[in-house]
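S.K.: Take a look at the letters that make up each chain.
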Amino acid sequence: MVSNENVNNQEETKWLRCSNCRDLIYKRIFFENQKVCPLCNFHYRLTAHERIELLFDKGSFVEINAHLSSVDLLGFKTPEETYEETLRRNQEKTGLKEACITGRGKIKGVECIGIVFDFFFMGGSMGTVVGEKVARAFEEALSKELPLVAVTASGGARMQEGIFSLMQMAKTSLLAGRFKRESQKAFVTLMTNPTTGGVLASFASLADFIIAEPGALIGFAGPRVIEKTVKAKLPKGFQTAEFLYERGLIDMVIPRSKLSESISEVISIGVNR
Amino acid sequence: MRRFSYDFETKIIDLEEKLRKVNQLASQNPSFEREVKELERKIENLKKKVYGNPTPWQRVLFSRHPERPKVRDFINALINGFIPVQGDRLFAADNAIVAGIGFFGGREVAVCGTDKGKNTRENLTKNFGMAHPEGYRKCLLVMELAERFKIPFLTFIDTPGAYPGIGAEERGQAWAIARCIEKMLWLQVPTLAIITGEGGSGGAIAIACADRILMLENAYYSVISPEGCASILWHDEKRAEEAAEVLKLTASDLHSFGLVYEVIPEPLGGCHRDPNKIFKRVRESIKKHLDELMVKEIGTILEERHNFYRQIGNIFK
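Chains as they are written, first to last, in the working numbering: chain A, 1 to 273; chain B, 1001 to 1317.
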């Protein structure tokens, strides 16, 4: 069975079962199709590296601020593990230092600064390092006069860094605000599954243009929290990209195969002035 | 009717009730005077013991105390000639947000706050202090007014969080909060935020990105509620007490981190025990900070504000 948590090419079988439509899909086709089910169009999660490979021109992406990694600011620990141990476990699991990668690259020939979240690292949660990398990415885009593309996949602010995580909403919004005041280049967010909480309620939703992948869950609160609050079942398709598109909160829903093209068009605004 | 009390303070509330009765007797029969004195002493000692050093969870409980002064009470006590802004001019009136222009001392100010109800009936209209997007968009309007009139912008915060509901999502809760944060950070007038009770996550930070953040001693400010944190960590909301410890959400924690500019002390056992005293202290504190901010050039204020929010939590490996 293909699950959103773990889709890799290691298994020996030729066939996979889609966890969404439950149909059998030919493994080679699934990967050729950029981890989108060819039958039901379900968009499986990508790692940050997979996303970069898919979105940016081959070999064009150069990471910046790669060295930054988090420290335990609060002495946060549960009986199971300390925050330091949580970090180490996630670093080993993903091969990443933190929940987002930032850098400079080209999308269909258009140079830009990229922020790419990785949901597999602590649910793409935003702590101080993610906030700082986002802030520095905006500053880099400003100083190099480049457009900025943020690809989000995040459950929100990182609980383990407490108030410091919440404050990253302020920090990243400050920089998004600066970019929008001082830059004549575009700021685009590509929201992928899921984009919720503190990331959505800060820089991500402040973009000039918001694009989302089909079916992506996008919302302030998680569906379970809402269900518990309103004590009712949520309508079908609630908080999906398509739902928000209909309500005018996002501008485009674009399938994975067409993303590079669409984003490159948007970030071309004002580039050749 | 018996007064509201939390488990850890039941004894005090009971003794206070007894004192009230004995006092009545004493007014008719002086022989009860001694018992009054003794009860008073007992209560004082017990209060020091029970209230002297509250745990983070006990502070959270104080911040939610049903008798705790609400944001509207602070505005009524501190702001004269309040002219309200009722709605966002787009969708609806959100009673969880009180907003408008008024006088603080002799000075015109723009004010926004999240307001809880005092009882269930009020809370039905105020949604327990949980704002919808239209509430935050109302705040944006008042921020614009502050800039137009070049008057300081004051916020009072007491909210469990922004409302997590269907309509709120449909109308862009996250979008509205982000706009508030951004607008407040770039606001071209001095700003002051006072967290009087609950500082619940995104719903609080939306109007808390001020030049200076002040907190009442028993207020809390957190990325997630202790209950939410406990349910994620241990799948058990009842372990909120432990979660309150690990989150470091008290005013004194946040002051030690350099995030909160000043902690305003409360009367022993919570500010609901002496509302006038807390109004007085908050008034003095606001006056002091506004006086200090108002003499600065707006350019300097923005530079300091931006440096502050830019460097928050900049501790890495």
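Hint data in this document are derived by calculation from the structure and do not stem from the laboratory. Please note that the accuracy of each hint is not assured.
Stated by the list, open to error - Computed cross-link-like contacts, SDA-like style, restricted to lysine to any residue with a CA-CA straight-line distance of at most 25 Å:
1) Lys93/A / Ile1315/B
2) Lys180/A / Lys1118/B
3) Lys1317/B / Arg104/A
4) Lys1118/B / Lys93/A
Keep in mind the model is a prediction, meaning the values are calculated, not measured.
S.K.: Now tell me if each hint is right for this structure.
M.R.: Here's how the hints hold up against the structure:
For the given pair, Lys93/A sits about 24 Å from Ile1315/B by alpha-carbon distance, which is consistent with the 25 Å threshold. For the given pair, Lys180/A sits about 41 Å from Lys1118/B by alpha-carbon distance, which is inconsistent with the 25 Å threshold. For the hint linking Lys1317/B to Arg104/A, the alpha-carbon distance of about 22 Å falls within 25 Å, and the restraint holds. With a C-alpha separation of about 49 Å, the suggested pair Lys1118/B and Lys93/A falls outside the 25 Å cut-off, and the hint is violated.
Hint check: violations occur at hints 2, 4; the rest are consistent with the structure.
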